[in-house]
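K.L.:
Listed in order, the protein sequences are those of chains A and B.
The opening position of the first sequence corresponds to residue 1 in the working numbering, with each subsequent residue numbered one higher.
The opening position of the second sequence corresponds to residue 1 in the working numbering, with each subsequent residue numbered one higher.
A portion of the hints provided could be inaccurate.
With the C-beta cut set under 7 Å, the calculated list includes, among others, these residues of chain B facing chain A [to be verified]:
1) 210
2) 421
3) 486
Heads up, incomplete: computed chain A residues facing chain B, CB under 7 Å, no partners named [as the list claims (entries may be wrong)]:
4) 53
5) 219
6) 282
7) 283
8) 295
9) 301
No lab work stands behind these hints: they were computed from the structure.
Backbone N, C-alpha and C define an ideal beta-carbon position, used for all residues, glycine too.
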Amino acid sequence: MGWWPLIRLLPKKTNFTYVKFAAFAAFLSIAAVSASLVSMFTGGFRTNPIEIFQQAAGTPLARFGAVMERGFNLGIDFRGGTSILIEAPQPIDLGDLRTLGGRLQDGGVEVQGTTCRPADSPPYCAIINFESTEGVADTVEALRRELPQVAEGARVLNVDAVSGRVSEELFAGGLIALGLAILLMLIYIWFRFEWQFGLGGVMALFHDVILTLGVFSIFRLEFNLTIVAALLTIIGYSMNDTVVVFDRLRENLRKYKRMPLGELVDLSLNETLSRTIITGCTALFALIGLYYFGGESLEGFAIAMIFGIIIGTYSSLYVAAPAILIWGVKRGREGGEARGAPQPAR
Amino acid sequence: MLNVARWRVVLVAVVTILGVIFALPNFLTEQQRTALPGFLPRAGINLGLDLQGGSQLLLEVDVSTLQRQQLDNIADQMATALREATPQIRYTGRGVVGDAGRVRLIDPTQMEAARAAIRQIALSPSGGNDIITFTEGADGLIEARITPVYLRELSRQAAQQSIAVIERRINPTGTAEVSIQRQGDSRIVVQAPGVSDPEQLKERIGQTALMTFNMVREVSPEEAAAGVIPPGAMVVQPYPGVGDRADVVERRPRFTGERLVRANPSTDPQTGEWVLAFQLDSEGARIFCRITREHTGDRFAILLDNQVLTAPTINEPICGGTGQISGRFSAESARELAVMLNAGALPAPLTVIDERTVSASLGQDAIDSGVVASAIAGLVTFVFMLLAYGTFGIFACIALVVNGVLIVAAMSTVGAVLTLPGIAGLILTIAMAVDANVLIYERMREEAAVGRGPALAIDAGFNRAMITIVDANLTTILAALILFQFGAGPVRGFAWTLSIGVVTSVFTAVLVTQILIAWWFRIARPKTLPI
């Protein structure tokens with residue numbers, strides 16, 4: 001059946017030594033995680049958390065909340081308020097739109113241009129955000145009436161109004177969901193493997209979630225409900241990847257009872273590398289397609305997932321598996337402390 | 001493994017054929033769909049609001065108003081119980097202050113008797129625990145508070161009743177595709193596909209049509225002109241087109257449209273004019289009887305949304321629980337009012353706490369780009385699998401196509417809702433579906449590399465990869481389950497596609513591929529494994 005030139009991404013057998021780089025990777029990961037956390041407290045390195053804490057009013061908890069609020073570019077889902085998407089056949093003057101918005105409603109008005117597909121050609125789009133949901137009906141009505149003054153033929157495509165209470169609940173719900181997901185994974189891995197595996201897996205999950213959050217914090221990408229869905233999917237994917245590696249590790253632990261743990265980890269990672277890369281690549285390419293063709297609303301999701309899959313793959317290789325080395329793992333009766341030459345892989 | 005059991009082949013064949021049948025309606029036009037013979041399914045995938053365009057409102061029952069109404073009612077009941085006790089217990093200061101309904105006994109020594117008299121009010125109508133707690137002050141003050149459990153129960157009931165009322169208001173014919181559901185204790189989600197202007201929707205929901213019966217306070221024309229109104233009273237305007245003059249009425253209604261069993265348009269046999277005949281429930285009849293007995297000669301007003309329909313003089317006690325409202329009705333306006341009255345009042349005001357509108361064109365754009373993105377994802381995956389695994393890659397691709405059909409079929413049958421994030425989930429599922437194939441094929445390669453013959457390698461590949469596949473996919477299912485629990489509309493759609501996709505992909509990647517490889521093996525009899 002030699003009709004098809006099989007493209008091999010990798011040689012049949014790879015011998016990368018992951019464990020050797022584990023310390024370096026750990027340093028990198030810790031640095032990245034720290035940077036992400038700092039970014040969440042400083043509004044993407046743009047604000048001084050101490051200053052905001054001092055200026056904020058209310059209980060210490062509320063002041064802390066004020067600091068965290070700046071950590072992300074929260075979407076309407078989590079911030080509350082009204083968001084209106086407008087489409088026009090010609091470019092919309094954002095300054096004029098802002099003036100109009102300011103006239104229609106007191107308080108915070110925010111205007112931003114956005115790409116309708118395809119970008120830089122008609123129709124042009126803009127988003128106008130109001131801080132409050134008070135009297136949305138009248139505002140939208142007035143906006144519809146007065147839009148033509150700003151841009152001929154403009155129309156309202158989409159209105160989202162989320163009251164503050166709902167947005168708080170959604171935010172809390174999102175956090176609970178993330179925490180619950182990680183906890184469930186810990187229990188599942190513990191149940192199926194050993195506790196060391198569970199801890200390794202969960203470390204990898206925290207790593208992935210925090211780094212993805214960090215990217216959203218640093219680059220001020222809009223953080224909304226869809227991104228929480230993306231995070232949960234990243235957790236699922238990363239765990240999926242980790243489980244494949246763990247599965248092989250468990251198998252090899254039984255097979256090579258005397259091989260040092262470090263070598264075992266390397267061997268297991270090498271054996272599953274080909275699968276890791278092929279699956280990762282298909283997912284990645286599909287998501288890149290989604291990013292380019294999926295339209296405005298799925299852009300954030302696609303970015304989160306693309307980043308998450310890269311990070312999730314990295315964390316399975318460099319966080320989850322090496323983490324097991326920290327705690328070691330109980331091996332069969334004959335195993336104990338690994339000594340002597342490893343058996344040649346048959 | 002290469003001798004695939006017959007039942008597996010049958011299972012795969014049956015599932016695939018069923019899949020095609022159930023997926024089919026999605027690819028037909030409306031006319032073709034209705035032309036399908038009766039035994040074939042016609043349901044397509046439900047599109048979420050974000051894809052078909054429409055409006056969604058999240059409404060919340062105003063619990064504090066509900067509580068106040070209920071306390072008012074309780075204070076009333078306490079007063080009645082005290083009045084009807086033998087010997088009569090005299091009280092004053094009946095009213096609601098803060099979160100308590102209260103009365104004050106004129107003679108605090110009667111507290112013992114009062115306690116016994118009002119005791120039955122606290123009993124839950126459905127039995128079980130008390131719904132009200134009483135606190136007694138030394139000065140004869142009795143305060144009644146609603147227990148939190150009962151308040152929650154009340155708001156749940158109010159939400160449930162509101163759903164029925166909203167349904168009748170926005171969908172009187174029952175034909176529109178509107179979904180109205182309770183969410184949590186006190187919230188209602190209204191989804192109206194195709195409605196691009198939620199104002200219209202809100203207006204119709206907000207038509208309170210609250211009918212109240214209030215006593216008229218007679219004031220002299222001079223007083224009225226000077227704007228002097230007695231305390232506890234208010235000026236009400238005539239109902240447009242029906243009422244004929246403004247009046248001053250007591251602010252607190254004697255009873256409300258809740259007590260109305262039904263209202264019908266009819267004609268007065270004497271005058272031939274259009275009237276609204278109404279019937280009250282037993283409690284309403286009792287109250288009405290008492291009022292008309294105590295206030296014979298006075299006027300009472302029937303208000304709709306605080307506008308006077310009519311304010312007749314009470315000529316005699318009316319105790320039958322039926323009556324008629326006369327006004328300057330036309331046949332049309334009488335019928336309209338009857339519909340509004342029968343639709344009932346909302347038990348408590350509703351506030352809109354979340355509102356989302358998507359124009360239909362935006363939804364169509366989302367579908368279009370979703371289709372393009374899915375097609376590209378599928379194509380990329382095909383190419384990738386062919387490049388990596390050649391012949392076996394073709395099998396994986398066939399399995400992927402079957403998988404796609406099964407996902408569409410499953411979503412059409414279980415009534416899952418496809419949302420924009422759901423499309424993203426679909427794309428991800430397409431890409432991830434081949435993971436099981438990759439795990440199997442990689443395992444085969446390894447087994448072949450250690451010198452096993454093709455048959456053994458294929459066998460071992462399937463067997464050994466199976467554990468990993470189950471472990472790996474269960475984690476994704478767990479994540480999807482949490483999304484279900486937590487998710488609001490669109491996110492829940494994502495959870496649907498993700499979990500359906502995982503189940504079908506394991507089915508196709510394992511069973512379909514296995515059968516294809518077994519057939520191929522029998523025909524090709526390969527000496528080496530072609531991957």
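K.L.:
Are residue 210 (chain B) and chain A close enough, Cβ to Cβ, to be under 7 Å, as the hint says?
P.N.:
Status violated, d = 21 Å.
K.L.:
Hint check: is the beta carbon of residue 295 (chain A) less than 7 Å from a beta carbon of chain B?
P.N.:
holds (4 Å)
K.L.:
A closest beta-carbon separation below 7 Å is what the hint needs, so does residue 282 (chain A) meet it against chain B?
P.N.:
With Cβ-Cβ at 5 Å, under 7 Å, it holds.
K.L.:
So, as I understand it, the hint says residue 421 (chain B) touches chain A; can you test that by seeing if any CB pair is closer than 7 Å?
P.N.:
holds (5 Å)
K.L.:
Next item in the hint list is residue 53 (chain A). Is there a CB on chain B closer than 7 Å to its CB?
P.N.:
Violated - the Cβ of residue 53 (chain A) stays beyond 7 Å from chain B, reaching only about 30 Å at its closest.
K.L.:
Have a go at the residue 219 (chain A) hint: is there a Cβ in chain B nearer than 7 Å to its own Cβ?
P.N.:
violated (20 Å)
K.L.:
Given a cut of 7 Å on the nearest C-beta pair, is the interface hint for residue 301 (chain A) held or broken against chain B?
P.N.:
Because about 5 Å separates residue 301 (chain A) from the closest Cβ in chain B, which is inside the 7 Å limit, the hint holds.
K.L.:
Measuring from the C-beta of residue 486 (chain B) to each C-beta in chain A, is the shortest one below 7 Å?
P.N.:
Status holds, d = 4 Å.
K.L.:
Close enough to count: is the Cβ of residue 283 (chain A) nearer than 7 Å to one in chain B?
P.N.:
holds (4 Å)
The structure fails hints 1, 4, 5 (numbered hints given earlier, in ascending order).
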